[in-house]
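Asker: Given next are the chains, with one letter for each unit.
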Amino acid sequence: NAGVTQTPKFQVLKTGQSMTLQCAQDMNHEYMSWYRQDPGMGLRLIHYSVGAGITDQGEVPNGYNVSRSTTEDFPLRLLSAAPSQTSVYFCASSMLQGRAGELFFGEGSRLTVL
Amino acid sequence: QQQVKQSPQSLIVQKGGIPIINCAYENTAFDYFPWYQQFPGKGPALLIAIRPDVSEKKEGRFTISFNKSAKQFSLHIMDSQPGDSATYFCRERNTGGFKTIFGAGTRLFVKA
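Just so you know, the protein sequences line up as chains A and B, in that order. Our numbering numbers the first residue of the first sequence as 1 and each following residue consecutively. Our numbering numbers the first residue of the second sequence as 1 and each following residue consecutively.
Hints may be right or wrong, so weigh each one.
Stated by the list, open to error - Some but not every residue of chain B turned toward chain A, in silico, with C-beta under 8 Å:
#1 Tyr32
#2 Phe39
#3 Gly43
#4 Pro44
#5 Arg93
#6 Phe98
#7 Phe102
#8 Ala104
#9 Arg107
To be verified - Subject to a maximum C-alpha distance of 16 Å in a straight line, what follows is the list of computed EDC-like cross-link-like pairs (lysine to aspartate or glutamate):
#10 Lys68(B) / Asp53(B)
#11 Lys15(B) / Asp31(B)
#12 Lys99(B) / Asp56(A)
#13 Lys99(B) / Glu102(A)
#14 Lys68(B) / Glu26(B)
#15 Lys42(B) / Glu107(A)
#16 Lys71(B) / Asp53(B)
#17 Lys99(B) / Glu59(A)
#18 Lys99(B) / Glu30(A)
#19 Lys42(B) / Asp38(A)
#20 Lys15(B) / Asp79(B)
#21 Lys71(B) / Glu56(B)
#22 Lys71(B) / Asp31(B)
Quick caveat, the hints were computed from the structure, so don't treat them as lab data. Just so you know, even glycine gets a beta-carbon here, dropped at the ideal spot from N, CA and C.
Could you put together the complete structure from these sequences and hints?
Answerer: Right, here's the structure in full:
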């Protein structure tokens, strides 16, 4: 079982470039989410989804877009990268019922914007 | 605005010691209180969790204690080992909601 898979693991961008961070899960989880992790600030929610076609904003959504066309995939798009978006990004998924709330995380994508 | 205050920011203990990490919250609608453990270069992983209808939960060497009146919950690591050296995060989730808030994290180092 692969769990939550994120690609790429590392990426360097120049200011103004765009890119997509990929996230896929094979646990049939309804809930998927993206976080950014910065030193001393914990994990902050960017966007989340409770099913295909349903997305909503988290705490820090500006500069990021998401879509959810399938249960398995939840890509995060940076339309015009800025140095303030240098961070480690984590994708996580969970069930909505039963053991809802237990988040399963990917191993992260480290992004540097020059 | 941060609604979860985690302390301390970092902690160093000797092997066998009992590090204690605290989380204070404001929103009484939170219904689930987990602790996550993160090793360098890895994603966080669920360590132990508690719901507000119990005051304590033990899993192996890890214990969560929950004080509803003080709006605080704590993680205790009994007989700590160097392999417990990691960053620990508390997390809260609103009842019926999908947004979640993490504490700022505690970096624990257990000396051999």
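Asker: Hints first: check each against the structure and report whether it holds.
Answerer: Hints versus structure:
{"no.": "1", "hint": "Tyr32", "result": "holds, 5 Å"}
{"no.": "2", "hint": "Phe39", "result": "violated, 10 Å"}
{"no.": "3", "hint": "Gly43", "result": "holds, 3 Å"}
{"no.": "4", "hint": "Pro44", "result": "holds, 5 Å"}
{"no.": "5", "hint": "Arg93", "result": "holds, 6 Å"}
{"no.": "6", "hint": "Phe98", "result": "holds, 6 Å"}
{"no.": "7", "hint": "Phe102", "result": "holds, 4 Å"}
{"no.": "8", "hint": "Ala104", "result": "holds, 4 Å"}
{"no.": "9", "hint": "Arg107", "result": "violated, 10 Å"}
{"no.": "10", "hint": "Lys68(B) / Asp53(B)", "result": "holds, 9 Å"}
{"no.": "11", "hint": "Lys15(B) / Asp31(B)", "result": "violated, 34 Å"}
{"no.": "12", "hint": "Lys99(B) / Asp56(A)", "result": "holds, 9 Å"}
{"no.": "13", "hint": "Lys99(B) / Glu102(A)", "result": "holds, 13 Å"}
{"no.": "14", "hint": "Lys68(B) / Glu26(B)", "result": "holds, 11 Å"}
{"no.": "15", "hint": "Lys42(B) / Glu107(A)", "result": "holds, 5 Å"}
{"no.": "16", "hint": "Lys71(B) / Asp53(B)", "result": "holds, 13 Å"}
{"no.": "17", "hint": "Lys99(B) / Glu59(A)", "result": "holds, 8 Å"}
{"no.": "18", "hint": "Lys99(B) / Glu30(A)", "result": "holds, 14 Å"}
{"no.": "19", "hint": "Lys42(B) / Asp38(A)", "result": "holds, 14 Å"}
{"no.": "20", "hint": "Lys15(B) / Asp79(B)", "result": "holds, 7 Å"}
{"no.": "21", "hint": "Lys71(B) / Glu56(B)", "result": "holds, 14 Å"}
{"no.": "22", "hint": "Lys71(B) / Asp31(B)", "result": "holds, 12 Å"}
Checked against the numbered hints given earlier, the structure breaks hints 2, 9 and 11 and satisfies all the rest.
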